[in-house]
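2 protein chains.
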Amino acid sequence: MANSPSGDSMLDRLVRILDSFDAQTPSLSVSSLARRAQIPKASMYRLLDDLEGHGLLAKDKNGQVSLGLRLWELANRSAATVGLRKVALPFMEDINQLLGQNTQLSMLHEDEVLIIERLSRPGAVVNQASVAGRMPVHRTSMGMALLAFSRPEVIHGFLERHRDLMNATHPHFRAEMAEIRRNGFASMDGYIDVESTGAAAPILDDSGYQLAVLSVVVPRDSGLLQPAAMALRTASRGISRALGYYRER
Amino acid sequence: MANSPSGDSMLDRLVRILDSFDAQTPSLSVSSLARRAQIPKASMYRLLDDLEGHGLLAKDKNGQVSLGLRLWELANRSAATVGLRKVALPFMEDINQLLGQNTQLSMLHEDEVLIIERLSRPGAVVNQASVAGRMPVHRTSMGMALLAFSRPEVIHGFLERHRDLMNATHPHFRAEMAEIRRNGFASMDGYIDVESTGAAAPILDDSGYQLAVLSVVVPRDSGLLQPAAMALRTASRGISRALGYYRER
Numbered sequence: 001m002a003n004s005p006s007g008d009s010m011l012d013r014l015v016r017i018l019d020s021f022d023a024q025t026p027s028l029s030v031s032s033l034a035r036r037a038q039i040p041k042a043s044m045y046r047l048l049d050d051l052e053g054h055g056l057l058a059k060d061k062n063g064q065v066s067l068g069l070r071l072w073e074l075a076n077r078s079a080a081t082v083g084l085r086k087v088a089l090p091f092m093e094d095i096n097q098l099l100g101q102n103t104q105l106s107m108l109h110e111d112e113v114l115i116i117e118r119l120s121r122p123g124a125v126v127n128q129a130s131v132a133g134r135m136p137v138h139r140t141s142m143g144m145a146l147l148a149f150s151r152p153e154v155i156h157g158f159l160e161r162h163r164d165l166m167n168a169t170h171p172h173f174r175a176e177m178a179e180i181r182r183n184g185f186a187s188m189d190g191y192i193d194v195e196s197t198g199a200a201a202p203i204l205d206d207s208g209y210q211l212a213v214l215s216v217v218v219p220r221d222s223g224l225l226q227p228a229a230m231a232l233r234t235a236s237r238g239i240s241r242a243l244g245y246y247r248e249r
Numbered sequence: 001m002a003n004s005p006s007g008d009s010m011l012d013r014l015v016r017i018l019d020s021f022d023a024q025t026p027s028l029s030v031s032s033l034a035r036r037a038q039i040p041k042a043s044m045y046r047l048l049d050d051l052e053g054h055g056l057l058a059k060d061k062n063g064q065v066s067l068g069l070r071l072w073e074l075a076n077r078s079a080a081t082v083g084l085r086k087v088a089l090p091f092m093e094d095i096n097q098l099l100g101q102n103t104q105l106s107m108l109h110e111d112e113v114l115i116i117e118r119l120s121r122p123g124a125v126v127n128q129a130s131v132a133g134r135m136p137v138h139r140t141s142m143g144m145a146l147l148a149f150s151r152p153e154v155i156h157g158f159l160e161r162h163r164d165l166m167n168a169t170h171p172h173f174r175a176e177m178a179e180i181r182r183n184g185f186a187s188m189d190g191y192i193d194v195e196s197t198g199a200a201a202p203i204l205d206d207s208g209y210q211l212a213v214l215s216v217v218v219p220r221d222s223g224l225l226q227p228a229a230m231a232l233r234t235a236s237r238g239i240s241r242a243l244g245y246y247r248e249r
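Those protein sequence lines, which keep their order, are chains V and E. Numbering follows full-length UniProt numbering, with no gaps: position 36 of the first sequence is 36. Numbering follows full-length UniProt numbering, with no gaps: position 121 of the second sequence is 121.
Keep in mind the hints are simulated off the structure, nothing from the lab. Remember, predicted model here, so these are calculated numbers, not experimental data. One thing to keep in mind: the hints can contain errors.
It does not matter which identical chain is meant; a pair holds if it fits inside one copy or across any two.
[Stated by the list, open to error] In silico DMTMM-like cross-links for lysine to aspartate or glutamate, where the CA-CA straight-line distance does not exceed 25 Å:
1. 86 with 60
2. 41 with 19
3. 86 with 206
4. 59 with 12
5. 61 with 49
6. 86 with 160
7. 61 with 112
Start from the sequences and build out the full structure, keeping to the hints where you can.
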């Protein structure tokens, strides 16, 4: 790969540029973008012309830069998430209507929980997740359910990288994992919002390992946790079956 | 931008690589990918390592290459579509339930209709659209509604680029545009599927120009077209208002 004088590649720069935008900052001035992406302003202007030409970035009439529609199109036409999302969406609508709470579909990604889809509900309890946002594994029912149903080497690798954190926050980690596997779902109280409890059930492949996780947040002490968990487990099996996985459990 | 010996830039290559995947071919062997993207195989292997390292592409254990989850994440965190989609989704569910038909949200993009979101319905009539897929403007109610409510310079530019096609397929183009604007929606019979009719109503900004379009496909001659159009127009106004546009029309 051709490198710039400073030694980082075009691709490094592109990823840093794309990574400069998020849900809170969907558009940036060229100067802010250059600063965030750590690219000299003169190079940034040249790069921007190229990226705009390819439709990966767009510049509005006030000079604010945002992600281009072409980038969205390329990334959404065939991502791993597309098939899963399409199959999961009707089941998520069922959960959303039956429980009257926000429903999420998430995957384990780079040791974090990546939100793939979210259906919101007016009046539902507070929930900080947003689509394509990330949440920490150790603080969410989604993360713990994903981990419990991961391949042993994935769990092992995660623990290697986050041993101190997990020892501090989940002192009985092995027992907890075993319980989640036994129950078929994970729940977690009040880490993110003291008024709420998260429940999460894994969507499993033929080998019984997680592909993704379905979750809701319900008001704490509402008695909704067990029914919510059962709804999630039922929907997760439906999704798994609709994806072509048929194993009896 | 640093160029390869053949003179095309890293960015040209990257876009051709991403463009090699679509809904029908979500994964490719390295050889097929190199061929599709018109990149020499040796260069392709080097590029692939880099792209995989950044999470933009992923390679499975059988050597099949697909788009990486990181690419999806970067493109979906802050795209122009994200806010629109979030606001539109509850209205789309209403339409989906009230009419019992597939409901779509689309935008005008590079002279084509880009599908942003789609809610499907079991038993709904045939519809070829898929999320992040494209449809031709001149053959869809979505396209004609988007065009009719575009700024004059956008309509002019489109006509300049597609005059022969539009003359052949829409000989009374001006009258048709005027009628769509008067009715507040576009409909089109049986182009894609002779059994169906599409109806589409634009989502407008403060100036009365389209931001996007909401559409359904209903069975032809079912008497559903007028009610569907009214549902779409109602929902489109709700979306426009929820986005912060308040103009009376």
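Now the hints, each set against the structure:
1. With identical chains, the CA atoms of residue 86 and residue 60 are at most 25 Å apart between copies only, with a shortest distance of 22 Å across copies and 32 Å within one.
2. In this assembly of identical chains, residue 41 and residue 19 lie within 25 Å of each other by CA distance solely inside one copy; the values are 17 Å within and 29 Å between copies.
3. For a Cα distance limit of 25 Å, the shortest separation of residue 86 from residue 206 inside one copy, 19 Å, qualifies, whereas the shortest one across copies, 33 Å, does not.
4. In this assembly of identical chains, the alpha carbons of residue 59 and residue 12 lie at most 25 Å apart whether taken from the same copy (21 Å) or from different copies (19 Å).
5. Taking the closest pair of Cα atoms, residue 61 and residue 49 come within 25 Å of each other only inside a single copy of the chain (15 Å); across copies the shortest separation is 38 Å, beyond that limit.
6. When the C-alpha separation of residue 86 and residue 160 is checked against a cutoff of 25 Å, the pair qualifies neither within a copy, at 34 Å, nor between copies, at 37 Å.
7. Taking the shortest Cα distances, residue 61 and residue 112 sit within 25 Å of each other only across copies (22 Å), while inside one copy they are farther apart (37 Å).
In summary, the structure is inconsistent with hint 6 from the numbered list given earlier, while agreeing with all the others.
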